[in-house]
Amino acid sequence: MVNPRRTALLLGTALVAGGLAVASGPAMAQKKGGSLVYANVSAVGTMDPHVANAVADLETIHHVHEGLVAMGEDYAAKPMLASKVDISPDGRTFTFSLRKGVKFSNGKEMTAADVLASYERYKKVSPNAPALADVAAMETPDPYTFIIKLNKPNSLFVEVMKTPTYSFSILPAEQKDKPARDGDLVGTGPYMVAEWARDSHLVLKRNDNYVADDSAKGPDGYAGKKTAYLDSIRYNSVPEANTRIAAIQSGGADFIATIPGDLAKRLKGNKDVTVMSVIPFCQATFIQHAKNGISTNHYVRQAVAALVDAEEMMEAAGQVWDRNPSLMFKPSAYHTTVGAPWYDQKSVEKAKALLKQGNYAGEKIVLETNNNYAYMRDSSQVLAEQMKKAGMNVELKMVDWTTNAGDMARGTGGWNITITGLCSGPLLGPQQWRLSLAYAQNPDDPVVTDGYAKMFATTDFAERKRIWDGIEKYFLEEGYLVKVADIADLRGMNGKFANIKPYYMQRFWDVWVK
Amino acid sequence: MTEPPAELLAPRRRFQVLRRLARHRSFRIGFVIVVLLTLAAIFAPLITSFDPTAMRARIRFRPPQAAYWFGTDNFGRDVFTRCLYGARLSLSIGLGVALLSGLVGTIAGIVSAQYRRLDAVIMRLMDGLMAFPAIILAIGLAAAMGPNIGSLIVALSVAYIPRTARIVRASALVVRELEFVDAARVSGASSLRIIWKHLLPNCMGPLLVQLTFDFAYAILAEAALSFLGIGPPPPAPSWGNIIAEGRDQAVESWWIMFFPGLAISLATLGMNLLGDGLRDVLDPRLKVET
Amino acid sequence: MKLLRRLAYRLGQAVPVILVVAVLAFFLMHLLPGDPAVIIAGTEAGPEAVERIRHQLGLDRSIPEQLIVWLWHLAQGDFGTSIIHNESVLSALADRMPVTLSLTLVSFAITIPVGILFGVAAAKFRNTWIDSAVMFLALVGVSVPGFWIAILSVILFSVTLGWLPASGYVPLSQGVLPWLLALLQPAAMLALFQIGFLARMARSATLDVLDQDYIRTARAKGVSEWQTIAKHAFRNTLIPVVTATGIILSLLMGGSVVIEQVFALPGVGRLIVQAILTRDYPMVQGTLLALAFMFVAINLMVDIVYTWVDPRVRYD
Numbered sequence: 000m001v002n003p004r005r006t007a008l009l010l011g012t013a014l015v016a017g018g019l020a021v022a023s024g025p026a027m028a029q030k031k032g033g034s035l036v037y038a039n040v041s042a043v044g045t046m047d048p049h050v051a052n053a054v055a056d057l058e059t060i061h062h063v064h065e066g067l068v069a070m071g072e073d074y075a076a077k078p079m080l081a082s083k084v085d086i087s088p089d090g091r092t093f094t095f096s097l098r099k100g101v102k103f104s105n106g107k108e109m110t111a112a113d114v115l116a117s118y119e120r121y122k123k124v125s126p127n128a129p130a131l132a133d134v135a136a137m138e139t140p141d142p143y144t145f146i147i148k149l150n151k152p153n154s155l156f157v158e159v160m161k162t163p164t165y166s167f168s169i170l171p172a173e174q175k176d177k178p179a180r181d182g183d184l185v186g187t188g189p190y191m192v193a194e195w196a197r198d199s200h201l202v203l204k205r206n207d208n209y210v211a212d213d214s215a216k217g218p219d220g221y222a223g224k225k226t227a228y229l230d231s232i233r234y235n236s237v238p239e240a241n242t243r244i245a246a247i248q249s250g251g252a253d254f255i256a257t258i259p260g261d262l263a264k265r266l267k268g269n270k271d272v273t274v275m276s277v278i279p280f281c282q283a284t285f286i287q288h289a290k291n292g293i294s295t296n297h298y299v300r301q302a303v304a305a306l307v308d309a310e311e312m313m314e315a316a317g318q319v320w321d322r323n324p325s326l327m328f329k330p331s332a333y334h335t336t337v338g339a340p341w342y343d344q345k346s347v348e349k350a351k352a353l354l355k356q357g358n359y360a361g362e363k364i365v366l367e368t369n370n371n372y373a374y375m376r377d378s379s380q381v382l383a384e385q386m387k388k389a390g391m392n393v394e395l396k397m398v399d400w401t402t403n404a405g406d407m408a409r410g411t412g413g414w415n416i417t418i419t420g421l422c423s424g425p426l427l428g429p430q431q432w433r434l435s436l437a438y439a440q441n442p443d444d445p446v447v448t449d450g451y452a453k454m455f456a457t458t459d460f461a462e463r464k465r466i467w468d469g470i471e472k473y474f475l476e477e478g479y480l481v482k483v484a485d486i487a488d489l490r491g492m493n494g495k496f497a498n499i500k501p502y503y504m505q506r507f508w509d510v511w512v513k
Numbered sequence: 000m001t002e003p004p005a006e007l008l009a010p011r012r013r014f015q016v017l018r019r020l021a022r023h024r025s026f027r028i029g030f031v032i033v034v035l036l037t038l039a040a041i042f043a044p045l046i047t048s049f050d051p052t053a054m055r056a057r058i059r060f061r062p063p064q065a066a067y068w069f070g071t072d073n074f075g076r077d078v079f080t081r082c083l084y085g086a087r088l089s090l091s092i093g094l095g096v097a098l099l100s101g102l103v104g105t106i107a108g109i110v111s112a113q114y115r116r117l118d119a120v121i122m123r124l125m126d127g128l129m130a131f132p133a134i135i136l137a138i139g140l141a142a143a144m145g146p147n148i149g150s151l152i153v154a155l156s157v158a159y160i161p162r163t164a165r166i167v168r169a170s171a172l173v174v175r176e177l178e179f180v181d182a183a184r185v186s187g188a189s190s191l192r193i194i195w196k197h198l199l200p201n202c203m204g205p206l207l208v209q210l211t212f213d214f215a216y217a218i219l220a221e222a223a224l225s226f227l228g229i230g231p232p233p234p235a236p237s238w239g240n241i242i243a244e245g246r247d248q249a250v251e252s253w254w255i256m257f258f259p260g261l262a263i264s265l266a267t268l269g270m271n272l273l274g275d276g277l278r279d280v281l282d283p284r285l286k287v288e289t
Numbered sequence: 000m001k002l003l004r005r006l007a008y009r010l011g012q013a014v015p016v017i018l019v020v021a022v023l024a025f026f027l028m029h030l031l032p033g034d035p036a037v038i039i040a041g042t043e044a045g046p047e048a049v050e051r052i053r054h055q056l057g058l059d060r061s062i063p064e065q066l067i068v069w070l071w072h073l074a075q076g077d078f079g080t081s082i083i084h085n086e087s088v089l090s091a092l093a094d095r096m097p098v099t100l101s102l103t104l105v106s107f108a109i110t111i112p113v114g115i116l117f118g119v120a121a122a123k124f125r126n127t128w129i130d131s132a133v134m135f136l137a138l139v140g141v142s143v144p145g146f147w148i149a150i151l152s153v154i155l156f157s158v159t160l161g162w163l164p165a166s167g168y169v170p171l172s173q174g175v176l177p178w179l180l181a182l183l184q185p186a187a188m189l190a191l192f193q194i195g196f197l198a199r200m201a202r203s204a205t206l207d208v209l210d211q212d213y214i215r216t217a218r219a220k221g222v223s224e225w226q227t228i229a230k231h232a233f234r235n236t237l238i239p240v241v242t243a244t245g246i247i248l249s250l251l252m253g254g255s256v257v258i259e260q261v262f263a264l265p266g267v268g269r270l271i272v273q274a275i276l277t278r279d280y281p282m283v284q285g286t287l288l289a290l291a292f293m294f295v296a297i298n299l300m301v302d303i304v305y306t307w308v309d310p311r312v313r314y315d
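Protein chains in written order, with numbering that gives the first Met the number 0: chain A, 0 to 513; chain B, 0 to 289; chain C, 0 to 315.
The reader is advised that the hints may include incorrect statements.
Said to hold, decoys possible - SDA-like mimics (lysine to any residue), calculated; alpha carbons at most 20 angstroms apart, straight line:
id, chain 1, residue 1, chain 2, residue 2
1, B, K196, B, R184
2, A, K123, C, G57
3, A, K270, B, H197
4, A, K363, B, G145
Unchecked claim - Rough simulated footprint, nothing fancy, chain B against chain A, three-plus residues with beta-carbon under 8 angstroms:
id, region
5, 92–99
6, 392–406
Said to hold, decoys possible - A partial selection of chain A residues facing chain B, derived with a Cβ cut-off under 7 angstroms:
id, residue
7, A193
8, N241
9, K267
10, E311
11, A315
12, N370
13, E384
14, K387
To be clear, the hints were calculated from the coordinates, so they are not data collected in a lab. We put the beta carbon where it would ideally sit given N, CA and C, even for glycine.
Generate coordinates for the entire structure from the input sequences, incorporating the hints supplied.
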């Protein structure tokens, strides 16, 4: 049952950057043309929006593909291909009204049939398919209406659908049976793939069939009215930081990602290059294994948490960073200070006392980290030193990222402590956090399962916030997660382009040549 | 092959070999460099009073100065101290690779020279290994066996065994055909005795030369693997991982990556000079082939 | 005819080598810890998603079973499909090979003249300061770590002086000059080691030749020494140099792994390293195998050129 009064219940306040872009318009001539070269850390691995989860992939994908909803400038869900969504009072039926006249880059109009086919493909190929596990039925009563019915209420379902990773993008119905990670997918976005040399570079060109959302005033995060001014955007893969910096200094690139903090100094005084800090970008967080050896001991986990010194770790890693005790970023509506007592304690004495309380007898503690991300490597080295000072028998296990990621996701490899960077959960809310909470290897913990069931069942934000506060406090107090700091991603650009703005994942629509 | 290798002559020539080595300019320079670096590695705790892994946040990124000769790194660790201790790890890796690849390579080479039926099998296996670029083989093996020094030594040794085996086999084959070895065989000497008395001693020259070069390559390879993130794991310093960790500060805090790079160059230079000297004296016909 | 038969024999001999490589590569890859399914699914994916991908990729089968499947495909000429890029191994190689070949070629073009010139000059001015200086330089060339000097070079030539691009590859189709400019710095860094190697070889080869009777005769007849070197010594020096070419090419291949990483060149070396790091089994196995074929081919070609340069050498 659709209740028209609950129309457009999409959360958040809109119009943050949208207005700005238009306001700055008349002063500067916005013109079509030009191409931008972006030197990124890694190459685009896949262009399949239903599967992609690496930032380098997502940055290009969201120029090519769009979903029914998208995250706005404030990271809340905003309408994109849907003009509105109606939610039934029982929180189980979602009716999306599609924008009319939207075209794919191949010129065909997008209709409900395409949406249905895309969701069916998603269920088949996406690693995030469990997100659709509670879907009872999907219906297309007319070409511009798409209805999803759930088995049980989920008040966060629209928020789930805004996710930029494993994006719920809409593809033409003919592509329904394309296998996962197929390279040749058509989208409704402002750009399309022109050339792709895997592991080397990818070139996007303007999609001349693009139909912008004229109901919006301007771009709003990944939603809103997007205008493609640039003819093309070239994404190069340049893994070495020194080489990326050299590329922007020598004119080989117009925009570069992920400048190590210490290297940003090199660009100071260079009047042609500006460094832009995107913060919060990710959060550095230690994870303790709930089910492995000595880490099952509450006091030992607490002792490790007591040792963390945010400043020492971040400065050693050369990170631009920010203090934040919460598992949510500061702009998030879910930001909380319930974890403050366990944040940045830097006390060897307290750790020693806790170890005594927990009858720690020199059992080995494995700290697994990787060599590919400097902040993870360096923070872990600092923690290992601190643990030695507190009398802990720590073994620093340095592996490559693939091994580390696999061990972290599955709890294998014998680690007690590991570290990772969490980005989308703290930005997008509890629905996005759920999978990352499982790194502590206690996904069946009733605090998590009951908490999420209750959160999904209530439409009251204050109640949801209260439940999340409880979950966050539990993880920090138990030391399953030890928050270190929010970290920035530093990006560099030359002065050739106007209107490049910081955002979690970089956008180049509504960017033009000066 | 008109003139028998040095060792075939009377034992008293051995003394002459040493004298010629001592007079050889490259060998002398190389010898001094290698001995000094080895002493520095062994006596590191006496030379420096710092701990190579102790972090001191207050003295981060200090440029070279009286207190910290090579400056300090992003953890406030003394780079000079880390280079000294790094010498222990890097030189051990070089030595380990030279010994292990020398041992296995010699066995493989001698066996295939003496037991001709095994020759084809062993040499095909060696060809197979040679078909991988050494560095790629080492990357794969090092990643497979986990990040520790032992696996690094094994990985690099496997990569260098084929060359050693070929050199030993070639020298052994030459000796094997000489009249006096034939005579020994005819008079009923066992295979083992022929190997021990005749083949082995006469492979020593070329083998020793090859091993000094392998030592040098191993030090360079350790650095390359560290650069790719598969070298000896921090925090224990090796020359390669000090550079790898410091390369992001290559301009602002150049000293972190500059000095260990210099140390690697010096050590490799020393080993190469040593090898050149050995080659000139022990086996003048041997070309700079590796 | 004899040559052809010999060639066929050598090619036949290469088959077991390549098989050894194939099986070694297979086991090497499957020894690695870490799971490509986790990389594909992303660390945020649940265990059932990872399991499903493992099943799709056939990674849930036993290792001997996977080996047989792989060898069976191989026998049909199918080198496999990258599980990370979803692209056939051969087309990935075809994309990257021009980069590595260009790099190797330019580097080789720098190495050969410079290396030989250094070697010949050192031999000509034997035991003078020129000899010492040249040989010291050559020794330094084989002693510095490649990526270390490459990073220092980027800082000097690209950042401080701004003379050369720091990264990237420009295909030959976009013009010879941009192509050469993009490759000059990486190729020069790569050449450093080989120049040192070749110069030392060329020196001893030239010395050997200068001692030969006919050169002494030529000298006695009043022919200028440079002319002698050019005419006789150079030609004879070529023989060991050609032998070394195979070694140099294989060293270049190995060296390019690190240089491609520093200069962000999308070549074969980087492809393999990336594939190893992401556990892209078919990609690593396929590229190593293809490289092995290449090395065998190079060594064969070297042998053929060898017989041309030095007619005294016959296949036995």
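For this session: With a cut-off of 20 angstroms on the C-alpha distance, tell me whether K363(A) and G145(B) pass.
Result: Cα-Cα ~19 angstroms, so holds.
For this session: Please verify that hint: N370(A), Cβ, nearest Cβ of chain B, below 7 angstroms or not.
Result: holds (4 angstroms)
Problem set entry | Interface restraint verdict for E384(A) against chain B (beta-carbon cut-off 7 angstroms) | holds (5 angstroms)
Exercise. Regarding the hint that K387(A) lies at the interface with chain B, is the smallest CB-CB distance below 7 angstroms?
Worked result: It is violated, given that the least Cβ distance between K387(A) and chain B is near 9 angstroms, above 7 angstroms.
For this session: Report holds or violated for the interface hint on A193(A), using the least CB-CB distance to chain B and a cut-off of 7 angstroms.
Result: violated (32 angstroms)
Exercise. With a cut-off of 8 angstroms between beta carbons, are at least three residues of the region 392–406 of chain A near chain B?
Worked result: holds (count 5)
Problem set entry | Evaluation of the interface hint that places K267(A) against chain B, nearest CB under 7 angstroms | Not OK, violated: K267(A) not within 7 angstroms of chain B, min 10 angstroms.
Problem set entry | Distance restraint between K270(A) and H197(B), which requires alpha-carbon spacing of 20 angstroms or less | violated (73 angstroms)
Exercise. With a Cβ-Cβ cutoff of 8 angstroms, does the region 92–99 of chain A contain at least three residues near chain B?
Worked result: violated (count 0)
For this session: Below or equal to 20 angstroms on CA atoms is what counts here, so check K123(A) against G57(C).
Result: holds (17 angstroms)
Exercise. Should the hint that N241(A) touches chain B count as held when the rule is a Cβ pair under 7 angstroms?
Worked result: holds (6 angstroms)
Exercise. Hey, does the E311(A) contact hint survive, CB to chain B under 7 angstroms?
Worked result: Check passed: Cβ of E311(A) comes within 5 angstroms of chain B, closer than 7 angstroms.
Checked against the numbered hints listed earlier, the structure breaks hints 3, 5, 7, 9 and 14; every other hint is satisfied.
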